[in-house]
Amino acid sequence: MEEELVDRLRKRDEDAFAVLVERYHMPMVRLALTFVPNRSVAEEVVQDTWIGVIRGIDRFERRSSLKTWMFRILVNRARKTGTRERRTISVADVDITDSNHFSSDGSWSPPPAPWTDDVIDRLFASAVSERLRIAIDKLPPTQCQVVTLRDVERLSPQEVCDVLGITEANQRVLLHRARSQLRKTIELEIGEG
Amino acid sequence: MRILNRDLVCRQAVALVTDYLDDALSRRQRRRFEAHLRNCPNCSRYLEQIRLTIDTVGHVEPETLDPDVKNELIDLYRRYNEE
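Residue numbers (numbering that gives the first Met the number 0), protein chains in the order written: chain A, 0 to 192; chain B, 0 to 82.
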């Protein structure tokens, strides 16, 4: 499917471009927002990325997926533009998400509450989806970048490292924090319902 | 079951969940992790909930694209190809 899309883009097929825009514009805006100070700058970065994609498609060597290639262009441009402070892992980022769930001997206290079948059925409801989207955006930028690329866009660990220029170990640390936070978001959301 | 010093406590097991799912644990670490899970319903439940979280996050619906933005981009594409 992607192979075919690339072929069509090389033939300047407008419908293929429309498919790409429909699928990736909003995810790219959201990712850009983790690098730049506001929405209008993010929109500019993404527009600039589209120009890069249009101009670069003939040179795209298919060594990575189209998606990974586009996200890499986006991240490069966003970093050049970005005035938002670039975050590395800092003390402020240290995970406190689950630390208050353990007693001094390292065992659970209190243990995680079970998610019943009823709860699981509701996970895919739009209310939970909306809450999660907000929660993802509220994560520290680097965690947001990793979890968006890994779990929303389903890039492989290697692809994420390639796009963001981070190590696999770093990637896993950020992913771990993001996922524990989002698990907590779900827990709070379904607990209320 | 006898608790050995080298057994993981829950806090340690939870910290390894992402490495476990990414298959980034050494064989020895993996064995310890799985041994802990076999005896710990709480950590098993936590792992299952993390799996469900990943699945749910993967189904977060993308925002709707403003048709005007889409049309502007397609215009841009057209202009570029006419050049």
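In short, the hints are calculated from the structure, not lab data. Wrong hints could be hidden among the right ones.
Covered by chain A, according to a simulated footprint, are these stretches of chain B (three or more residues, beta-carbon under 8 Å) [said to hold, decoys possible]:
1) 6 to 20
2) 60 to 69
Pairs of lysine-lysine residues, derived as DSS-like cross-links and limited to a Cα-Cα distance of at most 27 Å, are as follows [claimed, not checked]:
3) LYS79(A) / LYS69(B)
4) LYS69(B) / LYS183(A)
5) LYS79(A) / LYS10(A)
6) LYS69(B) / LYS10(A)
7) LYS79(A) / LYS66(A)
All values derive from a computational prediction rather than experimental measurement. Idealized CB from N, CA, C, for every residue including glycine.
Evaluated hints:
no., hint, in the structure
1, 6 to 20, "holds (count 9)"
2, 60 to 69, "holds (count 7)"
3, LYS79(A) / LYS69(B), "holds (25 Å)"
4, LYS69(B) / LYS183(A), "violated (35 Å)"
5, LYS79(A) / LYS10(A), "violated (30 Å)"
6, LYS69(B) / LYS10(A), "holds (20 Å)"
7, LYS79(A) / LYS66(A), "holds (20 Å)"
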